[in-house]
Amino acid sequence: MTVRTRSRRRVRPARLLLELLLVAVGLVMIAPLVWLVVQSFTEEQAAFEIPPNWIPKPFTTENFTGVPDAIPFGRMALNSLQVAVIATVGSLLVSVLAAYAFSRLTFRGRDGIFLVLLSALMIPAQMTVIPVFVLMRNLGLIDSLPALWLPALINVFSIFFFRQYFNTIPRELDEAARIDGAGHLWILFRIIVPLSGPALAAMAILTFQAVWNNYLAPLIFLSTPENMTLPVGLVTLQSSHGGSPVVVFAAITAVVVPVLALFLVFQRSFVASIAQAGLRG
Amino acid sequence: MTLTQARPKRAAAPREKARGGGRFRRGEWVGYAFLSPALLLFLAFVAGPFVVAIVLAFFSWDMLTPAEFNGVGNFTEMFSDPLLYTALANTFVFAFASVVTHLGGGLLLAMGVNRMMNRALSYFVRTTLFFPFVISWAAVALLWKYVLDPTFGLVTHYAGEIGVQPPEWFTDPAWALPAIIAIDFWHTIGFTFVIMLAGLQTVPRELHEAARVDGARPYQVFWRVTLPMMSPTIFFAAVVTFIGAFQIFDPVQIITPDGGPDDSTITIVMYLYQKGFQSFQIGYAAAVSILVFVIMMAVTLLQFWGSRKWVHQQ
Numbered sequence: 001m002t003v004r005t006r007s008r009r010r011v012r013p014a015r016l017l018l019e020l021l022l023v024a025v026g027l028v029m030i031a032p033l034v035w036l037v038v039q040s041f042t043e044e045q046a047a048f049e050i051p052p053n054w055i056p057k058p059f060t061t062e063n064f065t066g067v068p069d070a071i072p073f074g075r076m077a078l079n080s081l082q083v084a085v086i087a088t089v090g091s092l093l094v095s096v097l098a099a100y101a102f103s104r105l106t107f108r109g110r111d112g113i114f115l116v117l118l119s120a121l122m123i124p125a126q127m128t129v130i131p132v133f134v135l136m137r138n139l140g141l142i143d144s145l146p147a148l149w150l151p152a153l154i155n156v157f158s159i160f161f162f163r164q165y166f167n168t169i170p171r172e173l174d175e176a177a178r179i180d181g182a183g184h185l186w187i188l189f190r191i192i193v194p195l196s197g198p199a200l201a202a203m204a205i206l207t208f209q210a211v212w213n214n215y216l217a218p219l220i221f222l223s224t225p226e227n228m229t230l231p232v233g234l235v236t237l238q239s240s241h242g243g244s245p246v247v248v249f250a251a252i253t254a255v256v257v258p259v260l261a262l263f264l265v266f267q268r269s270f271v272a273s274i275a276q277a278g279l280r281g
Numbered sequence: 001m002t003l004t005q006a007r008p009k010r011a012a013a014p015r016e017k018a019r020g021g022g023r024f025r026r027g028e029w030v031g032y033a034f035l036s037p038a039l040l041l042f043l044a045f046v047a048g049p050f051v052v053a054i055v056l057a058f059f060s061w062d063m064l065t066p067a068e069f070n071g072v073g074n075f076t077e078m079f080s081d082p083l084l085y086t087a088l089a090n091t092f093v094f095a096f097a098s099v100v101t102h103l104g105g106g107l108l109l110a111m112g113v114n115r116m117m118n119r120a121l122s123y124f125v126r127t128t129l130f131f132p133f134v135i136s137w138a139a140v141a142l143l144w145k146y147v148l149d150p151t152f153g154l155v156t157h158y159a160g161e162i163g164v165q166p167p168e169w170f171t172d173p174a175w176a177l178p179a180i181i182a183i184d185f186w187h188t189i190g191f192t193f194v195i196m197l198a199g200l201q202t203v204p205r206e207l208h209e210a211a212r213v214d215g216a217r218p219y220q221v222f223w224r225v226t227l228p229m230m231s232p233t234i235f236f237a238a239v240v241t242f243i244g245a246f247q248i249f250d251p252v253q254i255i256t257p258d259g260g261p262d263d264s265t266i267t268i269v270m271y272l273y274q275k276g277f278q279s280f281q282i283g284y285a286a287a288v289s290i291l292v293f294v295i296m297m298a299v300t301l302l303q304f305w306g307s308r309k310w311v312h313q314q
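Those sequence lines, one after another, are chains A and B. Residues in the first sequence are numbered consecutively from 1, following the working numbering. Residues in the second sequence are numbered consecutively from 1, following the working numbering.
Do not rely on the hints blindly, as some may be mistaken.
Stretch-level coverage of chain A by chain B, calculated; a stretch enters the list once three of its residues show a Cβ under 8 Å from a Cβ in chain B [to be verified]: (1) 113-120; (2) 207-215.
Non-contacting residues of chain B with respect to chain A, defined by C-beta distances greater than 12 Å in every case (computed) [what the hints assert, rightly or not]: (3) T65; (4) P251; (5) W305; (6) R308.
Since the hints were derived computationally from the structure, they do not count as laboratory data. Quick reminder that beta carbons are idealized off the backbone N, C-alpha and C, glycines included.
Model the full structure from these sequences, guided by the hints.
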């Protein structure tokens, strides 16, 4: 009893200090983002002042209207969305089918093929990008969106991830359905997939984020501004179009804030998906 | 229950044999059918390109004139290019610094947040730590170019307030790479933090309590209980962080497209990009990509080998 009270008395101030310290870290982490948003709503003459202004004064939305004058921002956003949605939905479908085969079906060479796929996780994207570029050129897909989403349809990690998850779903369920005359597609999409909500959400979020944020692929495969996706679009706005800093900041804000808002909504499953992928992988 | 489970399997087996006269046993084709989209895409975009990259490395090709067999010419040329060694050195420094700072920082932050009592504050800290990781590198890199700007940047001003004169980050060869390391820390620490926090929460509370009841001091609990129990998580984070850091490209390409002052920020993937997609030395770039592959493979195997020594298996 004495030990307890002693340690409690000693820990309390330390704990308060710890909380304050961590909150300070949090404030430092978020400061650049706050500064970003504030500058993008400040009139050009007043922005980027020293000492830094933390309130948008005088307030303006004019910086945002300057963005579409420099780059086809709306077009780029639609391109980004299109690529990310197709890649996410497509790769989930491909992965789920393959994972079902590895988890539930028996056929010759199954484990061998699985090992080959797994070992391909070691191949860095930089090694395949050159031949894929040649392939896309031969297919006439350079400077078109399929060049981005087509290679993203195959995701070995997500096949592996789903197989592990499917293995935890009791086989009695699909055997019962099979006795009732159900086919494999029915079992997959009516039994297994509905039971794999968390795994699907995790992989969907991770894939969408990776494709949405991808910088190297559009840099290599796309060239005209109308076909470009947002990350490269932002950089060209800053470098070649010589956009004034407030306009660049407005564009970054327009890209970043919706993503952060989306993150706040899905925070729980997003963070869980990272942790889950980490602990399983 | 066990009987009814076993029965359909047993009954099905002889029927499968009886029916499937051809190449496939009954039902085998279903497996290949389910696998075929993945396999086709895998061949087209992973395995095929992997083999082609190896072949291309022995040719010189600019994509306009026909490819010419070059033997090991690309490799000898590559290994006599001083810029390759600069790029490799920068990349290793960056990767090593990332692993150390992210693992150390991530673990400390996770342990701190794990002890926080106030729920709202804990939510605030967790959210802000993770915020930057959600944002694309393009946005992060552009933003930080301004944050570190020597005339109107945030860091410049607040460092000046406490009496520190910050360097001109991206024109000073000594500070360009450290600046990128710092930006990467800001962007990626949330990822390591979340993995560490998840790992910490799998350590049973009773273990800590038992150790404390036995009279262990806090640092002893950390070294003898927390760290061994966390070692699989730490190991995973180390491998993932290293692999990610070794392939760093986006921020360096965006902030210092020419490789920085005195080539101080050129990384190996940037070198590959310059050779392959700016000067169109396709074969040469393929040779560089093989080098990247071999190094990553070697380091990962080394890490796995090392992990057998110190990772605590449950």
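Honestly, which of those hints from before does the structure not fit? 4
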